[in-house]
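Input sequences plus hints: build the corresponding full structure.
Protein sequences appear in the order of chains A, B and C.
Numbered according to my numbering, the first sequence spans residues 4 to 271.
Numbered according to my numbering, the second sequence spans residues 110 to 394.
Numbered according to my numbering, the third sequence spans residues 55 to 320.
Honestly, the hints are just simulated from the structure, not real lab data.
Careful: at least some of the hints might be erroneous.
Derived DSS-like pairs: lysine-lysine, alpha-carbon spacing no greater than 30 Å straight-line [to be verified]: (1) B:K226 with B:K188; (2) B:K128 with C:K223; (3) C:K317 with A:K174; (4) B:K189 with B:K245; (5) B:K189 with C:K236; (6) A:K13 with B:K250; (7) B:K250 with C:K93; (8) B:K112 with B:K341; (9) B:K180 with C:K314; (10) C:K156 with A:K268; (11) B:K128 with B:K288; (12) C:K223 with B:K332; (13) B:K226 with B:K128; (14) A:K13 with B:K245; (15) A:K13 with B:K189; (16) B:K288 with B:K344; (17) B:K181 with C:K223.
Chain A side only, calculated, beta carbon under 10 Å to chain B, not exhaustive [said to hold, decoys possible]: (18) N11; (19) Y12; (20) K13; (21) W14; (22) Q15; (23) R16; (24) P17.
The C-beta atom is built at its ideal place from N, Cα and C for all residues, glycine as well.
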Amino acid sequence: MLDLAEKNYKWQRPHLIKNSTRRWALLAGLLLYLVFIFISLDIDIQRIILGLSRSQRYFADFFRPDFISRWDSIVNGIIESLTMTYVSTVFGIIISIPFALGAAENISPKIIYYISRAVIVISRSFQEVVIAIFFVVVIGFGPMAGVLTLTFSSIGFLAKLLAEEIEDIDKSQVEAVRASGASWLQVMIYAVMPQIMPRFIGLAVYRLDINFRASAVIGVVGAGGIGTTLNAAFDRYEFDSASAVLIVMIGIVLIGELFSSYVRKKVE
Amino acid sequence: MLKISELHKEYPGGDLALKGVDFELNEGEIAAVIGPSGAGKSTLIRCINRLVDSTSGEIYLNDNEINSLDKKELKNIRKKMGMIFQEYALVERLTVMENVLSGRLGYVSFWRAWLRKFPQADINHAYQLLDRLGLKDHINKRADQLSGGQRQRVGIARALIQDPEILLVDEPTASLDPKTARNIMSLITNLAEERNLSALINIHDVILAQEYVSRIIGMRDGKIVFDDSPDKLNKDTLTTIYGEEDWETIERNSSQEKNNDEGGEDIAGFSRKKLQMAASSSNKK
Amino acid sequence: MQNNNYNWERKTNLRIIKELIFWSAAVILFFYCWQIISKLTMWPFVYDGAEQAGKLLSRMFPPNWSYFPELLSPIWDTITIATLGTMAAVVFAIFVAFLAAKNTTPHPLLRQLALLIIVTSRSVNSLIWAIILVIILGPGVLAGIIAISLRSIGFVSKLLYESIEEIDKNQVEAVTATGASKFSTLIYSVIPQVFPTFVGTTVYRWDINIRESTVVGLVGAGGIGLQLNESILGLKWPNAIIIFMMILSLVFLSEFASAKIRKLII
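Set out below in structure tokens:
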């Protein structure tokens, strides 16, 4: 019936990269890169050992969060962060819409397309903290610098994702509305908007979440919010207070996540 | 060879899927299990292989009582049971060969499995099976690039490479077009006969079942209500299995289509079409 | 026969009222928040802002090209921080993800622990991790690598465990039915299904980490952030613009590379 010894077949799992020279070259390159990385790492073991032994006290403080001594500062920081988050998200939404329309290849003229894409690229390339440094230098310390920072990075984020959404819309619906003699604005309102609205609301809520997290860090460079409180705690080596701030932040992020997943479920 | 007695299954939530199932399957015997959806066909097959644990009763494969096995023994007994699934259940992103060889996972070590270093005999066996099943040109294709019929043939190869003693087949043709379905059915039964395997085949297509197997087990509501040769199936027995159907209406509706239905010869007083409709109307899956 | 007048409205009245309340609340909240911020703002500075920004930008030119060679080493460190940080995070994230996914977790309690790790890691920005780590380990690349990886573990695990929870159970069942061991089943049925998400997420996170690692230097955790801080605090704008341009091109390169890799795998 079955003659297993008849002939020996060879089988090997097909490789992801079919060309074997290229495969080995890529692998060798990767290996070489890793080797270089480890050579270039200069790690001061002595300093680490010293730091670790010193940091035991800090660690102990981290497990004894102190909500009381800096409570007012924590509350103020959180309120500042939340207001910054909300205001900048609203600004971000409003400003991102024209950029999104401009950056959607299927509905926008070439020149506007390139300008919008350039704004998006710049906004997305720089980490919030870098942008915050810039605004702090320009208009001084305080939450306004934070608002401008978060607004600026929201624009790139929202406009890019929204533009992709617009590029993916169902053309037949747009054509149907256009065929009924609608103007450009009417096409936008009746054919484009209904298709992208649910996703846009989802993105906006998601961005709200991101902005809150970011608001906690731009305070480190003086752009207001809970980050200021946190930074002050670190500067004074009050790790118990810092731990309290972090716990409050994690709590708010958790609530925000529950809220945003609830909203997204509801609209999508 | 396979002996089942007083098998009960209650799902959490109180759903009674099996209410005392008894039957015996001899070596080399092929039986088809028919019945409406919800009759417990699928649960029965899953209990034999213990993908689902039964609530009470006994399942003997040769001399092993399956419900009393520990984890290791269960793995060993599972190697003896080849399963074929309705939706093929291939690992979509693996190649045809990897899918077939996954039937040998019970026999090879974890490291061999991880590195895809299967014994030469397994690879030879896989090649022979794939050749026999007409898949030789697709060996290194990913499973998600195949057609339904091809996928099911990979599924068959995966079950056979286990060197099983019994095939457990769950609705092998439900996702296929009629022509491919016949093809798959004949492959399964022929291969089982060639290797003298017992087979238990869940199938909702009564005609296909009649055509290819010598024993039909009819299930309804968690119990076996019919167990006999296919020629004993008639209006009354079908009613026992599928429940009261308005056979007359079905007859009238299908009379116009009777002429262009190529397989329209009479079986036990019913046209092929009518039976199919009757069966599928009470079996939505 | 009775004559029926059909009524068609897109929204019921109750719903309109509800939406109206919601939107006015949103608007009122916005103005309230704006007021809080406005109170904390030195408006004359803001009015001056545009002019300041213009001056600042003009001071960046001409860029100080001779500064470029000095940046090569920090930019290499920046990439190293992102790469090693991502690699370390991915190794941990695999374990955390399998613990956190409902269908692969060994115990519900371990699942809760994994979810806690994920949420903690995701809530705390890498810069804050960096501050803590610089205090503990001293300044340097290592603090940056660990900071980046601590932040990334949650991100990668979250996307990974969600994709594990969404896998096709039939494929797993089929492999289990062959008598395969638990680990063999894992590598033949679960891993092939989550592999594209895994690679996609890793590369995506690496891409994000390139940006993140440009700032950890601000607090002493290695990379180009240190030079950025020096240039800005020292008002050396012609140097700052060189750094900005380097960051921009680095981000371009990483986006290009990650798009390539994702295309290859999926």
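Cross-check of the supplied hints:
The straight-line distance between the Cα atoms of K226 (chain B) and K188 (chain B) is roughly 19 Å, inside the 30 Å bound, and the hint therefore holds. Only pairs whose Cα atoms come within 30 Å are accepted, and K128 (chain B) paired with K223 (chain C) is accepted, the gap being roughly 26 Å. This hinted pair checks out: K317 (chain C) and K174 (chain A) have alpha carbons roughly 26 Å apart, not beyond 30 Å. Proximity of K189 (chain B) to K245 (chain B) is assessed by CA-CA distance (about 26 Å); at most 30 Å being required, the pair is judged to hold.
Of the pairs offered as hints, the one joining K189 (chain B) and K236 (chain C) holds, with about 18 Å between alpha carbons and a cut-off of 30 Å not exceeded. At most 30 Å may separate the alpha-carbon atoms for a hinted pair to count; K13 (chain A) and K250 (chain B) meet this at roughly 16 Å. Annotation: proposed proximity of K250 (chain B) to K93 (chain C) is violated, straight-line Cα distance about 66 Å (limit 30 Å). Our distance criterion of 30 Å between C-alpha atoms is met by K112 (chain B) and K341 (chain B), whose separation comes to about 23 Å.
Pair hint K180 (chain B) plus K314 (chain C) does not hold up; C-alpha atoms about 44 Å apart against a cutoff of 30 Å. Restraint check for K156 (chain C) and K268 (chain A): satisfied, since their Cα atoms lie roughly 20 Å apart, inside the 30 Å limit. Between K128 (chain B) and K288 (chain B) the alpha-carbon distance is near 35 Å, which puts this suggested pair outside the 30 Å criterion. Simply put, K223 (chain C) and K332 (chain B) have alpha-carbon atoms about 27 Å apart, close enough for the 30 Å limit, and the pair holds.
At roughly 45 Å between alpha-carbon atoms, K226 (chain B) and K128 (chain B) are farther apart than 30 Å, so this suggested pair is violated. For a cut-off of 30 Å, the pair hint linking K13 (chain A) to K245 (chain B) stands: about 13 Å separates their Cα positions. Taking the CA atoms of K13 (chain A) and K189 (chain B), the gap is near 26 Å; set against the 30 Å cutoff, the hint holds. Of the pairs offered as hints, the one joining K288 (chain B) and K344 (chain B) holds, with about 26 Å between alpha carbons and a cut-off of 30 Å not exceeded.
Taking the CA atoms of K181 (chain B) and K223 (chain C), the gap is near 22 Å; set against the 30 Å cutoff, the hint holds. With a cut of 10 Å, the hint placing N11 (chain A) at the interface with chain B holds, because the nearest CB-to-CB distance is about 6 Å. Taking 10 Å as the C-beta contact cut-off toward chain B, the hint placing Y12 (chain A) at the interface holds, the least distance being around 4 Å. Interface restraint check for K13 (chain A): the shortest CB-CB distance to chain B comes to about 8 Å, inside 10 Å, so the restraint holds.
A distance limit of 10 Å between C-beta atoms decides the matter here; for W14 (chain A) the minimum to chain B is near 5 Å, and the interface restraint holds. Taking 10 Å as the C-beta contact cut-off toward chain B, the hint placing Q15 (chain A) at the interface holds, the least distance being around 8 Å. Satisfaction of the interface hint for R16 (chain A) is found here, the shortest Cβ-Cβ separation to chain B being roughly 5 Å, below the 10 Å cut-off. Look at P17 (chain A): its Cβ gets to within about 5 Å of chain B, closer than 10 Å, so that hint holds up.
The structure shown violates the earlier hints numbered 7, 9, 11, 13.
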